[in-house]
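Peer 1: Chains A and B, in that order, give the protein sequences.
Using the working numbering, read the first sequence as starting at 1 and increasing by one per residue.
Using the working numbering, read the second sequence as starting at 1 and increasing by one per residue.
Treat the hints with care, since some could be wrong.
The calculated DMTMM-like cross-link candidates involving lysine to aspartate or glutamate, where the alpha carbons are at most 25 Å apart (straight line), are [claimed, not checked]:
no.: 1; chain 1: B; residue 1: Lys323; chain 2: A; residue 2: Glu249
no.: 2; chain 1: A; residue 1: Lys93; chain 2: A; residue 2: Glu221
no.: 3; chain 1: B; residue 1: Lys509; chain 2: B; residue 2: Asp20
no.: 4; chain 1: B; residue 1: Lys317; chain 2: A; residue 2: Asp49
no.: 5; chain 1: B; residue 1: Lys196; chain 2: B; residue 2: Asp20
no.: 6; chain 1: A; residue 1: Lys184; chain 2: B; residue 2: Glu136
no.: 7; chain 1: B; residue 1: Lys323; chain 2: A; residue 2: Glu172
no.: 8; chain 1: B; residue 1: Lys323; chain 2: A; residue 2: Glu219
no.: 9; chain 1: A; residue 1: Lys93; chain 2: B; residue 2: Asp20
no.: 10; chain 1: A; residue 1: Lys128; chain 2: A; residue 2: Glu240
no.: 11; chain 1: B; residue 1: Lys323; chain 2: A; residue 2: Glu100
no.: 12; chain 1: B; residue 1: Lys196; chain 2: B; residue 2: Asp399
no.: 13; chain 1: A; residue 1: Lys93; chain 2: B; residue 2: Glu319
no.: 14; chain 1: A; residue 1: Lys93; chain 2: A; residue 2: Glu219
no.: 15; chain 1: A; residue 1: Lys128; chain 2: A; residue 2: Glu230
no.: 16; chain 1: B; residue 1: Lys317; chain 2: A; residue 2: Glu249
no.: 17; chain 1: A; residue 1: Lys184; chain 2: A; residue 2: Glu100
no.: 18; chain 1: A; residue 1: Lys128; chain 2: A; residue 2: Glu219
Calculated from the structure, these hints are not laboratory results.
Everything numeric in this text was worked out from a predicted model, so none of it was measured.
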Amino acid sequence: MADQKINRREFLKLAGLGTAAAVIAAPKVGELVGPALRSALSGGAHPGDTGGGDHRWLMVIDLARCDGCGACTNACSAMHMVPPGQEWIKVYKMQHPTLESSYFFPRPCMHCDNPPCVNVCPVDATYKRSDGLVLMDQDRCIGCRICMAACPYSARYFNWAEPPHTEQELAEVYSVEMNMPHRKGVVEKCLFCPSLTSQGLLPACVSGCPMGAIFFGDENEDAVTNSYGETLRLSELLVEGAAERHLEELGTEPRVWYLPPRTMQAEAQSERISEAHPAAQG
Amino acid sequence: MTTTIASSAQKGSAGLESLDPHERLLLAPVIKWGRGTYLTIGALGAIVLVGIYAYIVQLQNGLTVTGMRDTVSWGLYITNFVFFIGISHVGALLSSILRLTGAQWRHPITRMAEAITFAALLMGALMPIIDLGRPERVLNLILHGRLQSPILWDILSITTYLVGSTIFLILPLIPDMALLRDKFTNAPFWRRWIYKVLSFGWRGTPEQHVRLERAMNTMAILILPVAIMVHTVVSWIFAMTLRPGWNSTIFGPYFVAGALASGAASVVLAMVVFRKMYHLEDFITVSHFRKMATLVLTLDLTYLYFNISEYVTLAYKMESSDKALLTDLFRGSFAGLFWLTQILGLLVPAFLLAFSMMRPIDWLKRIRLLRPLPLAAAAVVFLAASFASAFFQSMFGLDLAPLALVLRIGALILAGLFAVSLIPVLQSRPIAIFVIASSLIVIQAWVKRFIIVVPVLEHPFLPNTPLTEVLYRPTWVEWAITAGSMAGFLLIYFFISRIVPIVSVWETKHDHKVEEPVRGFGPALKQPATTSSPEV
């Protein structure tokens, strides 16, 4: 019995020393092996991420100017060669449940400051960048689709099948700022066109809007611009235009602001109800 | 090698002859594999193969072969996932809670429950991986895992629970494995190896017994919070989103209650099947069923209570974001499934279990007119007459509305009397009633998971797709994989029962046959009413 006690004590001592050594050594080993493993399995950090620089991008959409033509969606789809069935900026016709009034509502990704999709992503495939953008790393995405379940704006799409390819698209080198070539089994969404804004250009949907309804700009510069070249002071526009954010009550802090449509004399409730969804009116 | 096994199997070795009758009975399914064994394994294996084939089709073409699309982006796989993880809870319930509360009657059924936990967890953990768009990147969950994500909580808790339940399955097996190691010396070599490894050098010394007991007690305490955590974080996959219908604070306990109810009901089904298949009538007695039925009834009512809490609080307010979903559930396209789960899946089993356990009401049987068949027939006749009167009304322009009303009230009263007349029938066949109630609860559990997942996804704040008739219709691939996973679960479970005794030999050895005095069961069951052993 006495022998056993000594044995146990020695065993515990050894175990303790071993644990301590492992605790000290583990980060070192991790430092050595981790990067190698990571690069071997997924190709390191988010490919093509330039960091975004000293900006805070946002969008202001004047619903009174939108006539629902869908040119923004087309411009976006052409620019990103968006797979069929997806509309990274989608124009909803919002119908009040009882009144006759209706208006059009373009919905890009809101690039929320408290993004529900980023919060739930298990692998850091979708992430928030310091310039305000919510990006999507399709080299890393495992296709679990919890971000789609979490997004209240239905702004995320999934490539259920292998998307149809063009030679031009396949020639692209994959970068998170462009998300091409498209591939099967990963999530897609609006990116706010970092590949254009980094060159001082407006995103495709903004410059493609024939009504000048979409303004885009840098919060740090306090200025937004539309396709007409109108540049407005952001802070004034938001206050004077009585700007709102969609589903503000959810606390997602979207980076897309909406100036109310003229027909929107009813309650804010109406904006939730889409004509495309008759059950929602019941 | 093969010839020696074959010949010794025919003669029976000296080891097996030294088994006492108790051991012989419990070890029989392990020692003798008849044609039925191979047929069962073959049939279940075939269904699993169909599932595997469907998964290969899915791997080749992508998730486009499923019915899921951008609006309903989760479907049967996630339903199965929540269902299996729910079923798996029963191990913790029986082995841990009943052990800690010292309920001795658990002995013959704990291993059945633990094996359910093990098999269900394996299948449950597989489901989200099958659901992945990029299964080959599953390692990213470890390489790039973000602890903020509910999916990581799931992975951590499910793997912990799997390890814990495996230990909990293996620990009480040790003495039985040693028994098989020593006696079943002519087993196929792979099974001799299993028995040797899993007996961990057991010699049955008093010290080993003390240590085993201590280890099992420790595990019983450790496994409990893990089990509760597992289903709580499974529910948080949903509750951590802002979606109307999932955005709920009670999802954790709500799911745990549902999990325990479905798990306990599945154990009742396992008890019935094994009792019949392996002739375990002496071990699994009516009294065991009665105790399990009490447990199932309690959990069924608890889950019903959570359902009421969840839906009534939402429906009373009818917030605009909840309205479309609730309308769809209460009287829309999901109303059939919804009310089936609530009434046929929870309320009816509660009544069945409660009535079948009630003290027999003798005077009921003396009323001559109170017979189920005539009453049912009369109710149907009254109902048909009320419809006929409506028909005549429109045909001949007569005002028959009062008559139709009277007929309908009559039909309702007759239906009520029919339900009362069923009570003696229910009480004369309690086990059959337990089986019906448990089956209803298990089916309810699966359907309920489905209507927790799919209708909510059909009602987002901003729908992407127009609401056509059906937004999600599972394809054959999804059904085949679902069937394959169910068959896989049964296959693992059946296989376990064929290589280890499904009723613990050493734990039941010292249990004296405790048969309670007849109470609550009709005279059809011949039980010795004289035993005065206390209820444990």
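Peer 1: Among the hints numbered above, which are violated by the structure, and what are their numbers in rising order?
Peer 2: 2, 4, 7, 8, 9, 10, 12, 14, 15, 17
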